[in-house]
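Chemist: In case you want the letters, here they are:
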Amino acid sequence: MDSDNDNDFLDNVDSGNVSSGDDDDDFAMEVDMPSSTERQLETDDYQYKVLTIDEIVLFQRETIDEVNRVVKLSAHITRILLNHFKWDKEKLLEKYFDSSDDNTEFFKCAHVINPFNKLPEAVQQRTLRSQLEECEICFSLLPPDSMTGLECGHRFCLNCWREYLTTKIVTEGLGQTISCAAHGCDILVDDVTVTKLVPDARVRVKYQQLITNSFVECNQLLRWCPSVDCTYAVKVPYAESRRVHCKCGHVFCFACGENWHDPVQCRWLKKWIKKCDDDSETSNWIAANTKECPRCSVTIEKDGGCNHMVCKNQNCKHDFCWVCLGPWEPHGSSWYNCNRYDEDEAKAARDAQERLRSSLARYLHYYNRYMNHMQSMKFENKLYASVKQKMEEMQQHNMSWIEVQFLKKAVDILCQCRQTLMYTYVFAYYLKKNNQSQIFEDNQKDLESATETLSEYLERDITSENLADIKQKVQDKYRYCEKRCTVLLKHVHEGYEKDWWDYTE
Amino acid sequence: MLKLFKKSKDKIPKSEIINEPKEPQKPAVSKCGKPLLLDNSRWERRLHKELMSLIKEPPPGVTVDTESVQQNLSEWKINIKGFEGTLYEGEDFQLLFKFNNKYPFDSPEVTFIGSNIPVHPHVYSNGHICLSILTEDWSPALSVQSVCLSIASMLSSCREKKRPPDNTLYVKTCNKNPKKTKWWYHDDSV
Chain A
1 MDSDNDNDFL DNVDSGNVSS GDDDDDFAME VDMPSSTERQ LETDDYQYKV
51 LTIDEIVLFQ RETIDEVNRV VKLSAHITRI LLNHFKWDKE KLLEKYFDSS
101 DDNTEFFKCA HVINPFNKLP EAVQQRTLRS QLEECEICFS LLPPDSMTGL
151 ECGHRFCLNC WREYLTTKIV TEGLGQTISC AAHGCDILVD DVTVTKLVPD
201 ARVRVKYQQL ITNSFVECNQ LLRWCPSVDC TYAVKVPYAE SRRVHCKCGH
251 VFCFACGENW HDPVQCRWLK KWIKKCDDDS ETSNWIAANT KECPRCSVTI
301 EKDGGCNHMV CKNQNCKHDF CWVCLGPWEP HGSSWYNCNR YDEDEAKAAR
351 DAQERLRSSL ARYLHYYNRY MNHMQSMKFE NKLYASVKQK MEEMQQHNMS
401 WIEVQFLKKA VDILCQCRQT LMYTYVFAYY LKKNNQSQIF EDNQKDLESA
451 TETLSEYLER DITSENLADI KQKVQDKYRY CEKRCTVLLK HVHEGYEKDW
501 WDYTE
Chain B
1 MLKLFKKSKD KIPKSEIINE PKEPQKPAVS KCGKPLLLDN SRWERRLHKE
51 LMSLIKEPPP GVTVDTESVQ QNLSEWKINI KGFEGTLYEG EDFQLLFKFN
101 NKYPFDSPEV TFIGSNIPVH PHVYSNGHIC LSILTEDWSP ALSVQSVCLS
151 IASMLSSCRE KKRPPDNTLY VKTCNKNPKK TKWWYHDDSV
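Just so you know, the protein sequences line up as chains A and B, in that order.
Note that full-length UniProt numbering has the first sequence beginning at 1, numbered continuously upward.
Note that full-length UniProt numbering has the second sequence beginning at 1, numbered continuously upward.
Just chain A, with the same shape it has in the complex (with noise of 0.2 Å):
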């Protein structure tokens, strides 16, 4: 390598994105490459398949089928009662046999006619149709065949109830919850019917839509991707916590849909969630600009004048000294200086406040790191594509493509390594003290000082003389790291299992 050579390397570093023939190159690591942690997650039992909206739709017949191997309804029936039981066919089984000297109530809670009363009324009705009838909302009158209903008895024309149906569907977004047009019948319009009724293929495809929505949200095996243009839903064995991992690439929890949380629970996550939501910034600038009045506890700011405060609660007018917080009264006529920090009243208020102020420390304490690694996550992209050009400059180094790829994995790992460390916060934040769980933050600790060292080595400029030297470091601590983060992992599911984690709230 002739010192020319170094010089254009070197000119290349400074130039950054202007070498713009490289940026239409294919990154070619994008291929998906599970890391090794991953996979060892994703080999366990717990068999998920991520569906297409056809496959969703094929699962619903099969379950509609299923359920009517046994109860031998007309499948349109069986699937309103289904989505009445929310996908539930063993509870909607259950129920079936324990109704069925008299399923009168059965049917009527899930809005259908009961298909055993029907026969005799519907024939009844039918002798009687021999002339014109009027729709009673386009007030035509009109010939049987032009007018149709439910097993109700309702009847309309056909266009009436297009337009109904269409209406429903198109305005409204309703599926599988049409009810008959009459008022105040609470009958619902099947699928068959609204197939048959409605002939815009639009429309048709939009209550389709509707109706697989509808039965994806309603059944517990089931959950669309969380991820935005995502079409796909993951269907589980049985539902749970776990890691799922869609064909769109997004990695989620499947029992509550948020970014995959390990080690924390989704039900500390969800409160978390709606804290930080709640009062984070305003907290911030409370902990900086006020105090409480040591009395009633109402939030001052002070914004000038003297030590001497009296508080504004109505109910309150406490009079107190702002520097010590212990009552006015002994200060008597000092009203600039407070000379009083060690009185034991004194004491008492500045400790109450002590035990607030703290609570709130310990909150932001835990809220600024959870913080820092989202914000770091997010520079993920930055990374990757800085990494990108790193490799490139490496493989003019005379280093083979397949050489370089360490740096791709050590990105990888970093990222996973601060996903896990963020919600190692939540967890922390709830965690009440114990032996084990210094045993946990000694973990994250270590994780964390791993993981910020393996960030500067992936942010180091990389030059010849360093090569050699940097691809072993990154390679030693992202391997380091990636066992480090397993090992906490395991500690808090071990945890799990063994009960050893007390919470706070």
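FYI, nobody ran anything at the bench for these hints, they're computed from the structure.
One or more hints might be untrue.
[Said to hold, decoys possible] Label pairs and their in silico Cβ distance ranges: (1) Val-192/A / Ser-125/B: 48 to 58 Å; (2) Glu-67/B / Thr-104/A: 51 to 61 Å; (3) Ser-125/B / Lys-432/A: 53 to 63 Å; (4) Asp-65/B / Pro-143/A: 34 to 44 Å; (5) Asp-145/A / Asp-65/B: 33 to 43 Å; (6) Pro-226/A / Asn-100/B: 34 to 44 Å.
C-beta: ideal position from N, C-alpha, C; glycine also.
Using the hints, position chain B against chain A.
Modeler: Structure of chain B alone, referenced to chain A:
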């Protein structure tokens, strides 16, 4: 009775957002692929028939202001009398019905207008009426006549003349169109 202003509608189904993001919202009348004219004529025919039967056989105490209807078929003024033996005996009220071209699949917009707005726990001083069949319980099989009867019976069954408890706030903050209010029905006794 009473209402809250936010009652969240169902989330737009996800699959819908995804599959047809580019398709523009087509005008409502042509969504079935039918010509606009046919729709309108059906809409007009129904309103005409309703009008005829209201003029020919009006329910007791109800009269249509035919002059207003002649000017504009989509806005009817209807006079309604307080029944004898009720708190509103001797009073005259006027209702305004506005129909859009989706009627009767979409409910009419119904308000009390004029100088005398009935003092009733379900009627706000701006004329808005809290009545479930005017929004979520609307059915295309209902009609102007059935709405008038419901309102008349709502007035007749009133035991104490008073405004809804949240009248002041509601009147200040509501939309002009009462159908934009998410009504919260929880009192069927009056």
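Chemist: With reference to the structure, classify each hint as holding or not holding.
Modeler: Against the structure, the hints come out as follows:
no.: 1; hint: Val-192/A / Ser-125/B: 48 to 58 Å; verdict: 49 Å, holds
no.: 2; hint: Glu-67/B / Thr-104/A: 51 to 61 Å; verdict: 53 Å, holds
no.: 3; hint: Ser-125/B / Lys-432/A: 53 to 63 Å; verdict: 57 Å, holds
no.: 4; hint: Asp-65/B / Pro-143/A: 34 to 44 Å; verdict: 37 Å, holds
no.: 5; hint: Asp-145/A / Asp-65/B: 33 to 43 Å; verdict: 40 Å, holds
no.: 6; hint: Pro-226/A / Asn-100/B: 34 to 44 Å; verdict: 37 Å, holds
Of the numbered hints given earlier, the model fails none.
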